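Colleague: What follows is each chain in one-letter form.
Number of protein chains: 2
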Amino acid sequence: MKKLPVTDAVWLMLENRERPLHVGGLQLFEYPDDAPADFLHQIAEEFRAGTLVKKPFNQRLSKPYSKLGSYSWIEDTQFDLDYHFRHSALPNPGRVRELLSLISRLHSTLPDRHRPLWETHLIEGLEGNRFALYTKIHHSVVDGVAAMNLAMNSFSPDPQVRDLPPPWARSRSDLRIDREHGAREAVDASINKAGSGARTVPGVIKALRDQYKQARIHEAEVVPYQAPPSMLNQAITGSRRFAAQSYSLARIKTVAKALDGTINDVVMAMCSSALRTYLASQNALPDQPLISIVPVSVRPQGEDSTGNAIGFLLCNLATNVGDPDARFGLIQDSMRRGKARLSQLSREQIVNYALALTSPMVLGQLLGFKGDRKPMYNITISNVPGPRETLYWNGCRMTGLYPASLMLDGQALNITMVSYADSMEFGITACRKSLPSVQRLLDYLDDALNELADLAGV
Amino acid sequence: MKKLPVTDAVWLMLENRERPLHVGGLQLFEYPDDAPADFLHQIAEEFRAGTLVKKPFNQRLSKPYSKLGSYSWIEDTQFDLDYHFRHSALPNPGRVRELLSLISRLHSTLPDRHRPLWETHLIEGLEGNRFALYTKIHHSVVDGVAAMNLAMNSFSPDPQVRDLPPPWARSRSDLRIDREHGAREAVDASINKAGSGARTVPGVIKALRDQYKQARIHEAEVVPYQAPPSMLNQAITGSRRFAAQSYSLARIKTVAKALDGTINDVVMAMCSSALRTYLASQNALPDQPLISIVPVSVRPQGEDSTGNAIGFLLCNLATNVGDPDARFGLIQDSMRRGKARLSQLSREQIVNYALALTSPMVLGQLLGFKGDRKPMYNITISNVPGPRETLYWNGCRMTGLYPASLMLDGQALNITMVSYADSMEFGITACRKSLPSVQRLLDYLDDALNELADLAGV
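Protein chains in written order, with numbering that gives the first Met the number 0: chain P, 0 to 457; chain G, 0 to 457.
Bear in mind the hints are in silico, worked out from the structure with no lab data behind them. It is possible that some hints are incorrect.
A pair counts as met if it fits within one copy or between any two copies, since identical chains are not told apart.
[What the hints assert, rightly or not] Below 30 Å or equal to it, Euclidean Cα-Cα: the simulated DSSO-like pairs (lysine-lysine) are:
1. Lys66 x Lys373
2. Lys252 x Lys66
3. Lys62 x Lys373
4. Lys66 x Lys256
5. Lys338 x Lys2
6. Lys2 x Lys373
7. Lys205 x Lys66
8. Lys212 x Lys53
A quick note: this is a predicted structure, and the numbers were derived from the prediction, not measured.
Just chain P, same shape as in the assembly (with noise of 0.2 Å):
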């Protein structure tokens, strides 16, 4: 019986039915020419078949419910495959709009927590010769990058690749989940070794006191609680939309080269200027920029090069900016200050860096706050490395891979960004209610591109 870290119960706390805190992604294939007309309900039936689930798939919490916080897992001896793996079905004229529509309805439901925190979803009657797999996990079981993880090694790049295990019959060693990369992990490390955590904070309230002071003189160096108050920031409910497209991601290179930007910087514009678009549309544009929180990998200070550390800074978005030039200027300003200064940051100082960024917002959720309060920032966007090889499903060939996330009281918008093979990959998730027709940010997000393309003369 392993007891779960903090890091991992306290998404177990946190949930409710405003808030469910599972992770998802969604996979399109197209079928192979050969396939015949039950090919995914064969492939169904062999997976029902098939009695093998490892962990943490076969791993259910030894009590569903701890006020304090207390949970372990232990093995589900009565588990019931029929209730993880559904197949499910489009209605006519199965368009991407059907089915987005049930890949929201299917990121609002919270799971039973008397089984394994997942479902994974077969979906048939996609036009255009394809399917879909919707997969969710509980936040408590993995995080959004390890899921992705997870997902994709029950890929592979060869398309005559057949009997592919699902993803259920596959250990986590199997799936070579690159655990030196988790942020979460390191979260973990640095709250079990308190010691070093104190002896990282002259570090930590350094860094944030320079920030502090540069933010008086650069109007990109941006700082916590400078967020101005938005509709992205209420009281959620527990309905979700989910949204999703792909991007060329030629052509995003080919504009951050015209720009002397990177790809990351382009899309953090792109962003910004939908969500422009998105919030005069329901004029509700403030006046002050829009602040982001972004996931980011940096080489810590005084390390070998053996490898990056995931930290998070916070970017001027400029979304009060009307000209796209300025805007874009500005937002790659605050992304380069965001970076330098945690590559300046050890290892440990940058997970501390991390926690004093997001722990107030963890806190205010345990404590009951609702999403009135002044935000911290006013959304998180992410982009995330995926797999740069075309991946197959037993000689499917994976045309599209979206990331659907989870939202936090005072947080109603998440955008995730996946890379994919020749693609730039958008997942949209959002509370229903709290943002009306969200879904017309996949539009904005192309008019961006346009405009960014424009900017560049590409």
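For chain P, the structure is supplied; the task is to place chain G on it using the hints.
Modeller: Quick look at chain G alone, frame taken from chain P:
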């Protein structure tokens, strides 16, 4: 702003993740001969285009939670039909198995309390040229009988009628809900007249005292808490299994006549035999007979012919009796005794007798007793009179009509029957974890009817 009476509000107070408290209904329809391929898509589009939403379908809770049970309905000014009305589909091969798997899932999820507490799903892809409609409504809005009436009034006995509005565009008064026969209204009235309630206490006590006296002499006489512990009476989890099937009403009538019993005697005996087989297969058949609570319609004493009242009786299901003849006799005797006792009471006494039987159960749930106490009864079995004529929905013949019920802690199974045209429609709702493979009851009910037909020699 209308404050909810305590009998409605209690269903909101009792609800949690393990205990969603809505009732549901599933209807099957045949496509008309001339239906185009996009028939359902057209209906769905028409429904979506309509803007008329009447009470109670446009009413949300003014505050979603209240520890003291003080709830009010207000109009949802941000009403979002796409949340409430959903077009779904079954995967290939679209058997009843796939349908029941979907309904089990839909019946398990909690509604968003920030919206009106109902959902309707139009489901395509059912084999045999059929489609389905599933509706769930929170028990705080309507009880099971009202929900069925509400659904029934959305259809027509005339196959020629077209352009029937969706249920949510019809008002409560349009729906002609037969409130006179509603048990809940009577309970409300009784609670609101505490004085008259007190006046009926001696009569109720006399009835209970007599019941206990008779129970010492007659096996068929049942008293509260005589029920044995059983696997039906455990703490429940949040996932449901829904199973449903039609049985020939003509055959049940023939058997009833040959055995000199009522239709209700026969369906009770069917349930008894099916439960006996199921529990034996799980090595969990108690030595003592299972006890069912049964709502029945009785003519109260001392009233003219202006209608019946709904009372509750406890029935000895004789699940410990191997001989089908003796088992049927005991069940029949138990039902007769229960009805005779109720018919000696006045209308108000019937209500208070019902409260005496059911309120310890509800109080126990409110006080957080788990399902591990001695049960007052083992199972609820309801037989609700339904429409006698075949009904149509925009020219589509309704071929099946099944009720889905709710469950409380310590009551992991509910069997509800509705008569419809020439069928008896069984709906079985169960806690998916407490009762493995409970869908097998459908086959055991078939076997039970055959056994009774053999016994009756028909």
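Colleague: At most 30 Å between C-alpha atoms: does Lys62 with Lys373 qualify within a copy, between copies, both, or neither?
Modeller: Between copies, since 23 Å is at most 30 Å while 36 Å is not.
Colleague: Could you figure out if Lys2 and Lys373 sit no more than 30 Å apart (CA to CA) within one copy, between two copies, both or neither?
Modeller: neither (35 Å within a copy, 33 Å between copies)
Colleague: Classify it for me, Lys205 with Lys66: is the Cα-Cα distance of at most 30 Å met within a copy, between copies, both or neither?
Modeller: For Lys205 and Lys66, the Cα distance exceeds 30 Å both inside one copy (36 Å) and across copies (46 Å).
Colleague: Which holds for Lys252 with Lys66 at a C-alpha limit of 30 Å: within a copy, between copies, both or neither?
Modeller: Classified as neither; 48 Å inside a copy, 55 Å across copies.
Colleague: Please work out whether the CA atoms of Lys212 and Lys53 approach to 30 Å or closer within one copy, between two copies, in both situations, or in neither?
Modeller: neither (52 Å within a copy, 58 Å between copies)
Colleague: Measure nothing new, just compare the shortest in-copy and cross-copy C-alpha distances for Lys338 and Lys2 to 30 Å and report within, between, both or neither.
Modeller: Neither, since 35 Å and 55 Å both go past 30 Å.
Colleague: Evaluate Lys66 and Lys256 at a C-alpha cut-off of 30 Å and name the case that applies: within, between, both or neither.
Modeller: neither (52 Å within a copy, 58 Å between copies)
Colleague: Please work out whether the CA atoms of Lys66 and Lys373 approach to 30 Å or closer within one copy, between two copies, in both situations, or in neither?
Modeller: both (27 Å within a copy, 28 Å between copies)
Of the numbered hints given earlier, the model fails hints 2, 4, 5, 6, 7, 8; all others are met.
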